[in-house]
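K.L.:
Chains F and R supply the protein sequences, listed in that same order. Just so you know, we're using my numbering here: the first sequence kicks off at 496 and counts up by one. Just so you know, we're using my numbering here: the second sequence kicks off at 329 and counts up by one.
Heads up, some of the hints might be wrong.
Simulated crosslink set (DSS-like; lysine-lysine; CA at most 25 Å straight-line) [unchecked claim]:
1. Lys750(F) / Lys443(R)
2. Lys750(F) / Lys445(R)
3. Lys702(R) / Lys739(R)
4. Lys662(R) / Lys702(R)
Label pairs and their calculated CB-CB ranges [said to hold, decoys possible]:
5. Val519(R) / Thr550(F): 57 to 63 Å
6. Val751(F) / Thr593(R): 31 to 37 Å
7. Thr550(F) / Glu523(R): 21 to 27 Å
8. Glu381(R) / Ser535(F): 43 to 49 Å
9. Glu523(R) / Ser586(F): 43 to 49 Å
10. Thr623(R) / Ser586(F): 34 to 40 Å
11. Asp520(F) / Val594(R): 39 to 45 Å
12. Pro724(F) / Asp729(R): 27 to 33 Å
13. Met437(R) / Asn614(F): 53 to 59 Å
14. Glu423(R) / Ser689(F): 41 to 47 Å
15. Val519(R) / Pro724(F): 40 to 46 Å
16. Ser535(F) / Glu547(R): 44 to 50 Å
17. Thr550(F) / Glu633(R): 25 to 31 Å
18. Asp485(R) / Asn614(F): 52 to 58 Å
In short, the hints are calculated from the structure, not lab data. Where is the CB? At the ideal position from N, CA and C, for every residue including glycine.
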Amino acid sequence: MLHKAFVCILTLHLFGWSHAAVVYDTVYINKGLITMVDGSNHDYYSFNATTTFETTNKRIEIGLGDSLYLAIVNTDAVVHGFDVTNTSSYSTNIPATDTVEVPMKFEDLGVYIFYDNANYPNFRYLGLGGMIVVDDFSGTQFYWNIKDHEGDWNDSLDAGWTVDWNDYYPDYFTINGYSNPLINDDPDARIVGSVGETMRIYISNTGEGIHSLHFHGYHLNILYSSKYPNHVGRSKDTFPIESMETLILELVPDKVGEYPVHDHNLVAVSGGNIYPNGMFLTMLIE
Amino acid sequence: MKNWFVVIVLFAGMQLHAQMDEEVLLIARNTGEKVVANGDTIRTMGFAFSLGENPDVPGPTLEFNEGDSVEIDLWNVSQGAPHTIHLHGLDVDQENDGVPHLSFDVPHMEHGYYKFKAPHAGTYLYHCHVVSSIHVQAGMYGLIIIHPPDGSKTTWDGGYPYDISMSLLMSEIDTIWHNDTILLHDHDPDVEVHEVELPVYDPQYYLVNGLSDGQIPEENMALNTSVGAVNYVRLINLGYKGNRVIFPAEFDAEIVASDGRPFPTVENSDTVYIYPGERYGVLGTMPAEGLNSITIEYFDLNTAELEDTQEVPIVTEGYVSTTELATNYELLVKPNPFENSFSIEADLKEKSEIEIVLLDLRGNIIDVIQKPKKMVGSVSIEYTNPTLASGVYLIQMRVNDEVRLNRKIIKN
Ligand SMILES: [Cu+2]
Ligand SMILES: [Cu+2]
């Protein structure tokens, strides 16, 4: 038995793939409203798993070396675009009410942002940005797609008005489309774990601004940085993340407790003049 | 009865404090006053060691050795909202983390005790975490520096030895946020979310260690170093903007640590980007005497627009050890400090064209002491200037048009 298993692994190794699979998936470009933490609603778009609009973009998880055939269904009445960060161009257009399938392949550990590149950055700013997570890790995983919003601008941009990005001053800050305290109800976002457990946090910034995420209680290791590969291996408590940048962090808690994680641009821990209602959640380690 | 109670509490307190290596009293106040660069005095909140002290922005720097048992006694004497101390980056347990509702907060006229063991040598922060957007901007923050267990001038145990260290803590002030209506906000400690007025953040003052613009030379803030000395510059951002810190190329800056941990590999870069809550440790050496500066840019996190630039002088004077003094030119200035006049004794081993000028710390020429002239041997020059304002100046000797020596001199 042992001998057989060894041969099997060796064969797979010789062929250069171990878990490579072919993954078929579909995302729908939907239009809807995002409800901010103060109850205000603003125009929003999202890549969802069905034709039903949800604030949180669908996440695609694949293994190293996997092939991904992603069908993008445009349910909107206007043309939308598609592209993936840090890849050789998968850029394409999806005409109104049409579907386009994009074949992709991802060899390396990473988080890639798939986004709408039409009328850039407007549609991406309006919500069309999700993450493709490429990892073979089998432990506990958490996912933060962080974003800033200037609520009124969503409505203006959707109405076809132009804005001056040099005047951008966001007033809402979300993780997976939600702010504190609602974000703590998202089991994909809120870190719950135990002492000594190895956990990975996959982070993408699909907003316009730079955010500086500070962890209370623990230092974490940078496993992957899309823009700064030389940062890999650093142990830190504060992690800046630029617009359209992605990170993978590893957390191994050494003690129990409930601790916050928040943007240390302290304007961004508020929303609609309520504190602490922005980019803020807590970790619970038991 | 009451007296007995006080005695028992004091006694219990003494027992608790008995095993501490370091005890610090920090008083939280909301009556701070700060003079900003245009001369205006604004209201601040902050921390001070004693009741008689104005709580400055930033608050006092706390220094410990790795492994120390530390207790910070936070006494809130502020009439307003409760305050806390968050020990930023120290990874303390939940009880001592200073976040309201997850840890304790400290109401007016009460004490709170924060206990922790000083972790890895490095650069950390403390700040209030009650409505932190407001209380941090108000000034409730300061630096924590942790030295190696032996207290030596080493970046960390087994790390790089250095001769000179300096901390540059960057932040900003928007005076609108310092109005009473913001600082004295209503606060119900029983609820977890608070409706507060947060004006658009648009600072007028971009600070380094609490100072900006003309205040930097006025307060003689500078990296005062010598040729060959190893400098360890700690960079800290506790503002709501991004910083780009640019060292002179000849400083040969090496980024060796961040957030209280050594880097796995040193990063050679003259430019260091630093974002809110981050800290970096940078090593560098000046190869020649002279006047240089560290440039600090402040840019907006939403638009990436450059908002402001501050300059911190690097004054390189003399040599780190006399054995390295392999120069043909010597310069002696006395008395220093001086009242109205001083004398310069120069020893010139080669015949050269010598020029001596008087500079301020920003490198502006204030006066020419000796016009360019061919000289050799022992030279003595008297200089008198009764109208010169009090402060720190540099005497710069140029040999054949090249800057060769700087001597710092203080006018009383
Ligand atoms: Cu406070
Ligand atoms: Cu902090």
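K.L.:
Within 43 to 49 Å or not, the Cβ separation of Glu381(R) and Ser535(F)?
P.N.:
Once the Cβ atoms are compared, 45 Å apart, the range 43 to 49 Å for Ser535(F) and Glu381(R) holds.
K.L.:
Taking the beta carbons of Thr623(R) and Ser586(F), is their distance inside 34 to 40 Å?
P.N.:
holds (38 Å)
K.L.:
Do the beta carbons of Thr550(F) and Glu633(R) sit within 25 to 31 Å of each other?
P.N.:
Holds, at about 30 Å.
K.L.:
A range of 52 to 58 Å was offered for this pair. Does it hold for the Cβ distance of Asp485(R) and Asn614(F)?
P.N.:
holds (55 Å)
K.L.:
Please test the hint of 27 to 33 Å on the beta carbon pair from Pro724(F) and Asp729(R).
P.N.:
The hint (27 to 33 Å, Cβ to Cβ) is violated, given that Pro724(F) and Asp729(R) are roughly 45 Å apart.
K.L.:
Lying within 31 to 37 Å: is that true of the beta-carbon distance Val751(F) to Thr593(R)?
P.N.:
holds (33 Å)
K.L.:
Between Ser535(F) and Glu547(R), does the beta-carbon spacing fit 44 to 50 Å?
P.N.:
holds (46 Å)
K.L.:
Is it true that Val519(R) and Thr550(F) lie within 57 to 63 Å of each other by Cβ?
P.N.:
This hint is violated: roughly 26 Å between Cβ atoms.
K.L.:
If I claimed the Cβ atoms of Val519(R) and Pro724(F) lie 40 to 46 Å apart, would that claim hold in this structure?
P.N.:
Holds, at about 44 Å.
K.L.:
Hint check: Lys662(R) vs Lys702(R), CA-CA at most 25 Å. Holds or violated?
P.N.:
Holds, at roughly 23 Å.
K.L.:
Holds or violated: the 43 to 49 Å window for the beta-carbon distance between Glu523(R) and Ser586(F)?
P.N.:
With Cβ atoms ~45 Å apart, the hint holds.
K.L.:
Under the criterion that the straight-line Cα-Cα distance not exceed 25 Å, is the pair Lys750(F), Lys445(R) satisfied?
P.N.:
Distance ~14 Å between Lys750(F) and Lys445(R) Cα, so the pair holds.
Hint check: violations occur at hints 3, 5, 12 and 14; the rest are consistent with the structure.
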